[in-house]
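What follows is the residue order along each chain.
Protein chains: 2
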Amino acid sequence: MNVLLVLAHPETASLNGSLHRFMLERLTAAGHSVRVSDLYAMRWKPALDADDFPARDTAARFDPALDSQQAFEAGTQTADIAAEQEKLLWADAVILQFPLWWYSMPAILKGWIERIYAYGFAYGVGEHSDTHWGDRFGEGVMAGKRAMLVVTTGGWASHYAPRGINGPMDDLLFPIHHGILYYPGFDVLSPYVVHRTHKVDEAAYARITDELGQRLDTLFTADPIPFRRQNAGDYEIPALTLREHIAPGRTGFAAHTA
Amino acid sequence: MNVLLVLAHPETASLNGSLHRFMLERLTAAGHSVRVSDLYAMRWKPALDADDFPARDTAARFDPALDSQQAFEAGTQTADIAAEQEKLLWADAVILQFPLWWYSMPAILKGWIERIYAYGFAYGVGEHSDTHWGDRFGEGVMAGKRAMLVVTTGGWASHYAPRGINGPMDDLLFPIHHGILYYPGFDVLSPYVVHRTHKVDEAAYARITDELGQRLDTLFTADPIPFRRQNAGDYEIPALTLREHIAPGRTGFAAHTA
Numbered sequence: 001m002n003v004l005l006v007l008a009h010p011e012t013a014s015l016n017g018s019l020h021r022f023m024l025e026r027l028t029a030a031g032h033s034v035r036v037s038d039l040y041a042m043r044w045k046p047a048l049d050a051d052d053f054p055a056r057d058t059a060a061r062f063d064p065a066l067d068s069q070q071a072f073e074a075g076t077q078t079a080d081i082a083a084e085q086e087k088l089l090w091a092d093a094v095i096l097q098f099p100l101w102w103y104s105m106p107a108i109l110k111g112w113i114e115r116i117y118a119y120g121f122a123y124g125v126g127e128h129s130d131t132h133w134g135d136r137f138g139e140g141v142m143a144g145k146r147a148m149l150v151v152t153t154g155g156w157a158s159h160y161a162p163r164g165i166n167g168p169m170d171d172l173l174f175p176i177h178h179g180i181l182y183y184p185g186f187d188v189l190s191p192y193v194v195h196r197t198h199k200v201d202e203a204a205y206a207r208i209t210d211e212l213g214q215r216l217d218t219l220f221t222a223d224p225i226p227f228r229r230q231n232a233g234d235y236e237i238p239a240l241t242l243r244e245h246i247a248p249g250r251t252g253f254a255a256h257t258a
Numbered sequence: 001m002n003v004l005l006v007l008a009h010p011e012t013a014s015l016n017g018s019l020h021r022f023m024l025e026r027l028t029a030a031g032h033s034v035r036v037s038d039l040y041a042m043r044w045k046p047a048l049d050a051d052d053f054p055a056r057d058t059a060a061r062f063d064p065a066l067d068s069q070q071a072f073e074a075g076t077q078t079a080d081i082a083a084e085q086e087k088l089l090w091a092d093a094v095i096l097q098f099p100l101w102w103y104s105m106p107a108i109l110k111g112w113i114e115r116i117y118a119y120g121f122a123y124g125v126g127e128h129s130d131t132h133w134g135d136r137f138g139e140g141v142m143a144g145k146r147a148m149l150v151v152t153t154g155g156w157a158s159h160y161a162p163r164g165i166n167g168p169m170d171d172l173l174f175p176i177h178h179g180i181l182y183y184p185g186f187d188v189l190s191p192y193v194v195h196r197t198h199k200v201d202e203a204a205y206a207r208i209t210d211e212l213g214q215r216l217d218t219l220f221t222a223d224p225i226p227f228r229r230q231n232a233g234d235y236e237i238p239a240l241t242l243r244e245h246i247a248p249g250r251t252g253f254a255a256h257t258a
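Residue numbers (the UniProt record's numbering), protein chains in the order written: chain A, 1 to 258; chain B, 1 to 258.
It is worth saying that the hints were derived from the structure and are not from the lab.
Glycine included, C-beta positions come from ideal geometry on N, C-alpha and C.
Mixed in with the good hints there might be a few duds.
[To be verified] Distance ranges between label pairs, derived from CB positions: (1) B:V193 <-> A:Y205: 22 to 28 Å; (2) A:P224 <-> B:V193: 42 to 48 Å; (3) B:A74 <-> A:A59: 34 to 40 Å; (4) B:R250 <-> A:G120: 20 to 26 Å; (5) A:A143 <-> B:G154: 19 to 25 Å; (6) B:G154 <-> A:W90: 27 to 33 Å; (7) B:D130 <-> A:T209: 45 to 51 Å; (8) B:T257 <-> A:G120: 48 to 54 Å; (9) B:H128 <-> A:G249: 51 to 57 Å; (10) A:E211 <-> B:V193: 49 to 55 Å.
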């Protein structure tokens, strides 16, 4: 199968760098084709701006959605954006690997999403009607592909526990899992998370690569997170609120997992 | 009072641009001193990397925390980083204004946080003991200052309701409110959120500026979100989980609000 590894860490001689190389080797040894987007090494341009659309009408005001739609449809996107979109279309699975910085992904990775998720490619896909509100949350261009996060933190696991001060890791990652990956159609696997990165010694590293290796071995067989499909009857349309009989009385992120 | 307006939108002729100018005028007319960080206009460098630390030992591996600590303490940070830190220290209140892109802040604003939140400035402050785990979550360099988000979305309010498909807006913003603003000591006010930006006509704009104006008029008097203080007895240290008798049985982000 085809696997795209996306890495957002500025230092190759880091735990993240080591884990990236481990994943590359493990997946290759398993017979997969692997491609890499090492965002810092590529000097990826993080900020979505008008420069991304060289063919746009410069007399008009810049509209990120409209301009990305026009450039995507006309084939006038910049080469760096088109190349990353092609990698996503090529991939059967995508792994986003990053250190958790200020409770989310690093800016360079957020900007990778913002710039390559064009209107017509990752959103603004499909019809809107009384029963269907675009091809999203379970449908979309990435349907049939899998995605997984590999995340490192300096903090302790307990700090990210259900009653931990940082908030539960599942909730911190929900906007990425559900809002960035499930939205355009990916099946999303549980994340692999490493805590207390500064305490990782040889024994811990051996345990981590053992666990992570098993996650890679089951990349195409593990059950994804059972997020609810938007257009399959669980939601009122167009309000997009859960119908009364679905998860009755529940609110918040977890209500969107069946 | 001193107010810092931080704007992360690439087009001045946008709703965000108009609201930015409205806030600047309203606050100035009320007698406040206002400074601006218009990140796109400044062409802010979003990605935290080794180039941010020109005095670092290039033979050593790059460690974002350690290198930022050394540069902060030695006064060898880049001029753009030091200038933004000075603005934060100057401000009595900070307003972060941005369109919600993929359920969080734009990359350029995330990178503003990552680069100016140096170790020793926004984290890594204060002692760690059995009763005190750093000056954070209610203490820190920003203690006594206020912060507020002004956020725009294309989606409907119902999509961000307690049972809306995007997840509740309060939960989507929790990592920013609690993890980015409360962490170094800000008192955080409720956000001001505009939905369905593409449907804002003159009447809606009048309503929005009326509401937003009232929020600015009470910027220094409104009650902040009552997040729990880390070092005041609600949390086990160092596990940083809520003590059993605090919000018993509750989990998730909302448990950290008293």
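Whether the CB-CB distance between B:D130 and A:T209 falls inside 45 to 51 Å: Violated - the Cβ-Cβ distance for B:D130 and A:T209, about 34 Å, lies outside 45 to 51 Å.
Do the Cβ positions of A:A143 and B:G154 conform to the proposed distance bound of 19 to 25 Å? 23 Å, holds
Could one say that the CB atoms of B:T257 and A:G120 fall in the range 48 to 54 Å? For B:T257 and A:G120 the Cβ distance comes to about 40 Å; the hint is violated.
Are B:G154 and A:W90 spaced within 27 to 33 Å by their CB atoms? 29 Å, holds
Could you say whether the range 20 to 26 Å given as a hint is met by the Cβ separation of B:R250 and A:G120? 42 Å, violated
Honestly, do A:E211 and B:V193 meet the 49 to 55 Å range at C-beta? Between A:E211 and B:V193, where Cβ atoms are some 40 Å apart, the hint is violated.
Between A:P224 and B:V193, does the beta-carbon spacing fit 42 to 48 Å? This hint is violated: roughly 31 Å between Cβ atoms.
In this structure, is the beta-carbon distance linking B:H128 and A:G249 contained in 51 to 57 Å? Because 41 Å falls outside the window, the suggested range is violated.
Does the Cβ distance between B:V193 and A:Y205 fall inside 22 to 28 Å? Between B:V193 and A:Y205, where Cβ atoms are some 44 Å apart, the hint is violated.
Do B:A74 and A:A59 keep their Cβ atoms within the hinted range of 34 to 40 Å? Check failed, 48 Å falls outside 34 to 40 Å.
Checked against the numbered hints listed earlier, the structure breaks hints 1, 2, 3, 4, 7, 8, 9, 10; every other hint is satisfied.
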